[in-house]
Amino acid sequence: MSFFDLNGTLKPLTALKQFGKKPHTISYPKESKEAADRYRGLHFNDLDECIGCGNCSTICQNAAIDMIHIEGHDGKKGDSGLRPRVDNGRCCWCALCVEVCPTGSLSLTKDYLYVSEDPDSFLWTPGKDNPEGKEQISFFSTEETSLNVLDRVPMPELEGKERVKSFAEVVLGYNEAEARAEASRCISCGLCTEVCPEHMHIPEYINAIAAGNDADAVRIIYDNNPLPEMCGKVCTRRCEDVCAIASRGEALAIRWLKRYATETAVTADITREIVNPEIREANGKTVGIIGAGPSGLTAAYYLALRGYDVTIYESSAKAGGATMYGIPKYRLPIESLDKQIDYIKSIGVKINFNTKVGKDISFKEIYNKFDAVFMGVGFPDAWSLGVDGEDAKGSMQAFRYLYMINSGDKVDIGDKVIVVGGGNVAIDAARVSRRFGADVTILYRRRVEDMPADWEEIEGAEDEGVHIIPQGIPIKVHKDENGHVKSVEYLKAEMVPDPKGGRPKPVAIEGSNTIIEATAVMAAIGQMGDYSFLEKEFEDKIKIERGRFIVNEKQQTGDPKVFAGGDAVNRTADAISAIADGFRACKAIDEMLSA
Amino acid sequence: MREKATTLYIGPQHPGITGNMMVKVQVEGDTIVKARTEVGYLHRAFEKLQESRNWLQSFTLLCRFCVPEPDPVEESYARAVELLEGREVPERAKYIRVLMLELARMASYMLWYGGQNGSLGLYTMGQWSVGDRNYILDLFEELTGGRVYHMYIWPGGVRRDLPDGFADKVLRTMDYLEKRLKDYDDLMFENTIFQKRTQGVGIISKEKAVEWGVVGPVLRGCGIKSDIRIDDPYEVYDKLDFIVPTQEGGDIWARALVRRQEIRQSIRIIRQVIEKMPSGEFYNRIPNPHKWTLPKGDAYARTEATRGEVGMYIVSDGSTHPRRTHFRGAAYVHGITLLEDLLIGENVADISAIMNSLGTCPPEIER
Amino acid sequence: MEVVLMDILGAVVTFLVAFVVGMTYGGLSRKITARVQNRKGPPFYQNFIDAFKLGSKKSAIHHGVMHHFGPAFLMVSSVMTLMIVPVLTHNQWFPNLNFQGDLIFLLYVMTFGPLGMALGAGQTGNPNSAIGVTRGLSQMVGFEIPWVLALVALMIQYHTTSITGLMAAQAHSGTWLMFSSPFAFVAAVMAMFGMFRYSPFDIVGAPTELASGPISENGGKYLFVMMSSGSVFTFAKLTLYVDLFMGGADNLLILLIKTFALYLIPVLYGVTTPRYRTEQAVRWFWGWPSFFGLLAILQAVFF
Amino acid sequence: MMNDKNSQKIVDIIQNWARKHSIWVLAYGTGCGAIEIPPTMTSRYDAERLGVRGAATPRQADVLLITGYLTVKTMKRVIRVYEQMQDPKYVIGFGSCTINGGMYYDSYNTIKVLDKYLPVDVYINGCMPRPEAVLSGFAQLQKRIAEGRANGAQQYKDNLEWYRANQKKIIPNWIMPDYNW
Amino acid sequence: MKELKESIIKRIKANFADAVERNDFKDNRLDFSVKKETIPAILFYLKDEMGFVHLSDVNCVDWLEDGELEVVFIVWSPADKIKVFVRTRLDRDNAVMDNLDMIWRQMNTYERELREMFGVQFTGLEAPEEFILEDWQGPPPFRRDFDSAAYAEKTFWHRPGREDAQDVRESIADRDGEEIPDFAKKYSR
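Chains as they are written, first to last, in our numbering: chain A, 1 to 595; chain B, 1 to 367; chain C, 1 to 303; chain D, 1 to 181; chain E, 1 to 189.
Okay, chain A solo, but in the shape it has when bound (with noise of 0.2 Å):
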């Protein structure tokens, strides 16, 4: 420092030259900046593509967002009906609720201005509060920010060409790792329990296998579920049509994780272990049930849980029903099948197999026997496809078809099957037909993605090699000499829109007549039930209407002793719904004698 330091006296002084400069000043509120494109300021809601499902009030570790019922969205399948609500006496703007948001519906917007005099009026509905902020989105998720882990962890399954070669399970099921991967996608929001028709604890097993305690996963799934083996291989599981993630990426494989779970306990005993069931004392009532499918062995295990003294009567050598005898074995194995069908063996049911009744034993001895009588009788027969040439050999239903191979019986189909019909049993009949080497073709009415069948099965009966003609109504079977199916005739189809906004309906083209060759025609366009057993008395009260019983809520014919389920009952028809029949006669039966 000198003596005078004159530089370091004057140079400060340049700056009063800013004086004469422009301010920076912004003059708020009269001029303002506006915010910038990615600004984080209040939320904003779009509440008909919100589903509800509470992830963002999950993810906030503030506790800031609560779920709330707000009027005019009262919740659907797939909707919880209830919609985000902020307290921005908590919020931080963090913007994590965005992230994890799987509709994308959540975002926040450039408008941040909010004061108040009244610290109560800081609970914000995005959406409602703030229609406008539509227009003001700034910081919003994409597919490719979204913390939602969108894509499912790939199933190991069987080379195409390897597939046809024998009935191996097609399927080979996740390992320990994959199994969490695919758990850990989970946001446990529970959207899937209300589809399903059993109200299974989804997110729960999946949240105990993705904690790595499979055992905890597979008591709860044997909470209210007595197959779930089977339902993790052949579920139609409409869950997972509704899962969260699925409104972004692929749903999570919830099937899939069922199967991996119940897989753990390898042997019945193993699951018995596991599961570990209260059996209650035994309370001296009976319950007799026809049919071991489905919906029946879920009443009957249920049942025996609680304390009844439970028989089954079954017409064919094993139990199972449609879930034996209607799925081909590379979809279920049939020690799959045995091992839950000895579990529930060993909690105390007792089957008498090969017993049809009506031949075997009169429907009224039943009646009378038990305290209360369960009918899961299923559909044991078969539409026909209605066409000239039926009679011909060769000419069968898919239905009978796959009874007859999954007893064990050889049936001689040639090497050109045509399988019609766009339903799991047709994908079934045809790719069995595969694997006993033939040529399958599937003819169907409507457009692929008309189909009833999973997109799966499709694909997988594709890899295989079958060839699906969409658009195609068989009109005639023609017969060679000996009366064997030689060629179908179809007309091609046209989709004509429904003016009333249904699905749009094939109608044939006339003059389209297209001939393809065929050893064998199998039709798959329906199965009806068989109600011969019941005997006169009966009819007064147990009420048939369009091929199905007629039963209330609890599952309770016109005769209060009398329940019934399955596909005898529901119109969906398939697994799960019949377990949910089963489930909740037990329900009703138990009420009814308990009482």
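It should be emphasised that the hints constitute simulated quantities derived from the structure, not laboratory data. Bear in mind that the values here come from a model prediction, so they are computed numbers and not experimental data. Be aware that one or more of the hints could be misleading.
Claimed, not checked - With the Cβ distance kept under 10 Å, some of the chain A side facing chain C (calculated, not the full set): (1) 7; (2) 9; (3) 15; (4) 17; (5) 23; (6) 24; (7) 487; (8) 493.
What the hints assert, rightly or not - A few chain E residues that don't get close to chain D, going by computed Cβ distances all over 10 Å: (9) 4; (10) 16; (11) 26; (12) 29; (13) 85; (14) 94; (15) 99; (16) 124; (17) 126; (18) 127; (19) 137; (20) 144; (21) 159; (22) 167.
Stated by the list, open to error - According to the in silico footprint, chain D covers these stretches of chain C (three or more CB under 8 Å from chain D): (23) 32-40; (24) 44-52.
Heads up, the beta-carbon is just placed ideally off N, CA and C, and yes, glycines get one too.
Using the hints, position chains B, C, D and E against chain A.
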């Protein structure tokens, strides 16, 4: 004759204090004979709160640890988690992180310009630099969506990619600030009164600096070259060309000079980063945050902030929530033992200046 | 009798003008400072609003009788200074109580306020106030030296101890004293920095050190009184400087131009500097300003 | 001749106008929100345009900004500071933490609901409120003052017992002078 | 780096028999567990003999299940560019350690914090009893058996008005009549 000592409470409500803390000093005349810092006014128990938040939720708390410069804290946490989990970070994310860290360093130094000069009565400097700091905050806002709380650097990378035209904006801002820094020099460093007020005040000797765990610009102001960016390089600092300025003297003046040079180095780094920025992914996605577990073990990651070494120590017991996290703030060593010792024998008028020069940040001490 | 009444009325007018001008200058200084700091700043009448608001505070606590001495003494000191300083020459609305030796009296009057402040601050029990007051007094001791030296030089040079005498001397010679006695002017201006307590000599009430020092316990009406007295004092001091060194003023406009020009010096310098510590400030005043003061005396004695 | 009531009204209006345009903010950064105060006060947003400026001591201040969370330890000082301020005085609650605890809602050391302990005039949304929001908060306060509704100090005096009970509940060691100013 | 690490381990093992090392880190880190009696000696040795002059961090982990508190010291050597973790376990009910602030002065602050937050007592520590908390009457708050949320709920008000919030899972379960068994509820969110 010994003068009677007066007790002065500097804080917690006091314009000269850096944040919400208190220094209780006993003065004889104008000379401090005893100083005692009292902290705890900002204790929110972050580390406790993090135990009840999962690994992702914990991340949002981080930027509140030290408000003027939150990014190094986020960076430390992100790197600690990545270290423990073995998660790779894409190259682009690393560059973006360095960009963020250096911008944050600049923003923090701009605030320091204001604080240091405010403590000495040169309010014009504060008006300029804190006003100009807004240009950096504007960049933050554009990049991260928040002015102050960025919540941007998170485990696996960064939250969003650079928006279009962002690089140009950064460069333009850097050009502007570089011009302004010259004005700052004229007003502040050339100013004879500033020099008189800072030279020879708050001297830390080299030996003491090591003994008392001094870090960051304060340590470099004592003539010891120590910078985590060089010593224990993280992200892509080893690929960038910059120097670590040191200054002999150990007084406020030396520390101010170090900071003056560092803010220029930051501009240099930012320009390099913009130039070298690779394309590609910016985020290595974490699993579903609700079920995201880290393997058992612990990790410690540290970052060079404007105040010195900030580090994050995390312990996982294999669950979705941290077992324990611990944040090591630079102010933790500067703000209590060192400050108490440094103030003894100084003029009561210099308390605020010394605190500012140490970069004392109370929320970092108490968390 | 009429004359006395007129004088009293004139005194009130003087006070009001001083108040308004002082306040406006304060506001303008805030505006100027703001512009140098790259911002728009408050309106120039902001100080009036502030003062009025302080006056309309519903409560103002005090810590005992002595507490009142601070604001009261400040006000008395300011008003007395104002009364002694001739505002406009030959204007009946601005009478002044000048007398022979008023320059010396002025030196005492001007220290009167800070001393009262010391009494008041002592009563508040706030150590910040106490330290602030000691600093203020130390600093006063600092700037009094060049200030007194400059005044003494003038007195010696022109053989008068009254302000009007000095003004008459300027009128007589036709040159302002700032040109005829440049050293005294420089020393006095340098002392003025200390008097105004703008940067770099604002350590007395430094917010970052002492939480506004002596006035820290004063709010509401007390602060209002202090603020007004400060404004009046500002005007009085500036007028005094104009009278002493710039030949006084015949009408208000010239007075305003001259005072404002003078006022800009500490304001603009203050914008660009940090503050000195007390002992540095004292040392500074005893350095160059006192040196110039001595030069002024030498000039007065030998030329 | 106007009666007293009317003249009082006019005086009130004038006084409120002055109060509205001269808001001295106590320089006390109680929480992290203090970080947006410097930008608000400095050249970019320049709150001084609106008559908002800092005051170093509570005696001179009109507004107490509670910038975010308040720990129990700070709470004690804040009460002290608030009681030292001169009537009329206002409190602005900054950001989430003052409204319902914000992100520290489960912390053992911060209070959650500010208006249980101090009368609050205006709350500003945000974490942190950016300078524009802060200025809007001041604007709202100005409106409230102009309308004569900003009577927090009176409210505090009237309900002192209730406030005191709440304060004492969280501050176990109450060694503070009574409210007598 | 590998040789360096091994030589450090060798030196430490030679001097401190009870040190258990961990050397499976990819980065420049080493880890030693020692008995609490060894802590002052090993820290002195590391600092004075081996150049680990910088104390990066000190903290404590509560292992409630084991009934132990683990104190971790992280030291850094500017010369060798390596960091060493030194850890020891204390009995949770009798957490007493030697005062260490003569090694690094800033240890004083760390010790004050650990004393207040974890109840670790340092014999010979000279510092005011209170550090961060004021008039705290509960247990050391950072111990895991102290429930912060419950304490906050009990002590502070939360603003009412949010009682209409519903749990998504429960509301769906209510709607479709699902009965979630109790043992499964811990897996609900």
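Evaluation of the provided hints:
1. For the restraint placing residue 7 of chain A at the interface with chain C, the shortest Cβ-Cβ distance is roughly 13 Å, beyond the 10 Å limit, so the hint is violated.
2. Taking 10 Å as the C-beta cut-off, the interface hint given for residue 9 of chain A holds, the closest approach to chain C being about 9 Å.
3. Because the smallest distance between the Cβ of residue 15 of chain A and any Cβ of chain C comes to about 5 Å, under 10 Å, the interface hint for this residue holds.
4. Interface restraint check: residue 17 of chain A against chain C, minimum CB-CB distance 9 Å, threshold 10 Å, status holds.
5. Below 10 Å, beta-carbon pairs count as interface contacts, and residue 23 of chain A has one with chain C at about 5 Å; its hint therefore holds.
6. Proximity of residue 24 of chain A to chain C holds as hinted, the smallest CB-CB distance being about 5 Å (cut-off 10 Å).
7. Evaluation of the residue 487 of chain A hint against chain C yields a violated restraint, the C-beta minimum of about 92 Å exceeding 10 Å.
8. Against a cut-off of 10 Å between C-beta atoms, the interface hint on residue 493 of chain A is violated, since the closest Cβ of chain C lies about 77 Å away.
9. With a closest Cβ-Cβ approach of about 42 Å to chain D, residue 4 of chain E is found to remain outside the 10 Å limit, as its non-interface label requires.
10. Once the 10 Å rule is applied to beta carbons, residue 16 of chain E is consistent with being away from chain D; the minimum gap is 39 Å.
11. The Cβ of residue 26 of chain E sits about 34 Å from the closest Cβ of chain D, beyond the 10 Å cut-off, so the non-interface label holds.
12. In this structure residue 29 of chain E is separated from chain D by more than 10 Å, as the shortest Cβ-Cβ distance comes to about 32 Å.
13. Its beta-carbon lying about 29 Å from the closest one in chain D, residue 85 of chain E satisfies the requirement of being farther than 10 Å from that chain.
14. At the 10 Å boundary, the C-beta of residue 94 of chain E stays outside the reach of chain D, the nearest C-beta of that chain being 25 Å off.
15. Every Cβ of chain D is farther than 10 Å from the Cβ of residue 99 of chain E; the closest lies at roughly 26 Å, confirming the non-interface assignment.
16. The non-interface label for residue 124 of chain E is consistent with chain D: the shortest C-beta to C-beta separation is roughly 27 Å, beyond 10 Å.
17. With a minimum CB-CB distance of about 23 Å to chain D, residue 126 of chain E clears the 10 Å threshold, and the non-interface call stands.
18. With a closest Cβ-Cβ approach of about 17 Å to chain D, residue 127 of chain E is found to remain outside the 10 Å limit, as its non-interface label requires.
19. Look at residue 137 of chain E: its CB is around 6 Å from the nearest CB on chain D, not clear of 10 Å, so calling it non-interface is violated.
20. With 10 Å as the threshold on Cβ separation, the claim that residue 144 of chain E sits away from chain D holds: the shortest Cβ distance comes to roughly 14 Å.
21. With a least CB separation of 4 Å from chain D, residue 159 of chain E falls inside the 10 Å interface cut-off, contrary to its annotation.
22. Once the 10 Å rule is applied to beta carbons, residue 167 of chain E is consistent with being away from chain D; the minimum gap is 18 Å.
23. Coverage of the stretch 32-40 of chain C by chain D holds in this model, with 5 residues showing a Cβ closer than 8 Å to a Cβ of that chain against a need of three.
24. Counting residues of the stretch 44-52 of chain C whose CB lies closer than 8 Å to any CB of chain D gives 4, so the stated coverage by that chain holds, three being the minimum.
The structure fails to meet hints 1, 7, 8, 19 and 21 from the earlier list, while all remaining hints are met.
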